[in-house]
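Enquirer: Please construct the entire structure, taking both the sequences and the accompanying hints into account.
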Amino acid sequence: ESPTEISYRQGGLDSELTELMFFGLSMDLDASNEAVVVFLDKRRLEKGRNFRDDFAGALMRSKVAVPVVSSFAMQRMMKLKADAACDNVLLEWTLILELLLAGRLHRCMPVMMGAEVLEG
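Going by the working numbering, the letters in the sequence shown line up with residues 1 to 120, in that order.
If you're looking for bench data, these hints aren't it; they were derived computationally from the structure. Idealized CB from N, CA, C, for every residue including glycine. Just to be clear, a hint being listed does not mean it is correct.
With a straight-line cut-off of 25 Å between C-alpha atoms, the simulated SDA-like cross-links for lysine to any residue are [to be verified]: (1) Lys63 with Glu92; (2) Lys63 with Pro110; (3) Lys63 with Val111; (4) Lys79 with Ala56; (5) Lys42 with Leu20; (6) Lys42 with Pro110; (7) Lys42 with Ala56; (8) Lys63 with Leu97; (9) Lys42 with Gln10; (10) Lys81 with Ala56; (11) Lys79 with Ser15; (12) Lys42 with Arg61; (13) Lys63 with Thr94; (14) Lys63 with Met112; (15) Lys42 with Gly24; (16) Lys42 with His106; (17) Lys81 with Gly114; (18) Lys81 with Ser70; (19) Lys63 with Val89; (20) Lys81 with Ser71; (21) Lys63 with Trp93; (22) Lys81 with Asp53; (23) Lys79 with Met113; (24) Lys42 with Gly114; (25) Lys42 with Leu25; (26) Lys42 with Ser15; (27) Lys81 with Leu95; (28) Lys79 with Thr94; (29) Lys63 with Arg104; (30) Lys79 with Val69; (31) Lys42 with Gly12; (32) Lys42 with Asn88; (33) Lys81 with Arg52; (34) Lys42 with Asp28.
Pair ranges (Cβ atoms, derived) [to be verified]: (35) Glu98 with Ser71: 20 to 28 Å; (36) Lys42 with Leu90: 13 to 21 Å; (37) Lys42 with Glu98: 23 to 31 Å; (38) Met27 with Leu101: 29 to 37 Å; (39) Arg52 with Ala115: 24 to 32 Å; (40) Leu80 with Met27: 35 to 43 Å.
Expert: Quick look at the structure:
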């Protein structure tokens, strides 16, 4: 079971943030004093398995979704054309909305992030 799913675009600051979120949430306890189970693809997916099937299955078993909505995550989406290959992050966010509307997902708690500012 994966009561909490973190959704993000791999790369850059998004990957760093979600890694910290995974470890932070995994150390928490829920209302029943049980460990919070967190699904983060790079920590839970097995090599050689179908990525879309596995993240969709984990999301369908989740109670909470935490999409990281960043300018980095949306860059590819903003350039999509009608004949483009499926964008997995957009697919995941669409599934989150559908599961919320169907009452199968209890909560969606988006984390909003602007563009990464490089110092130096």
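Enquirer: What hint numbers does the structure not satisfy?
Expert: none
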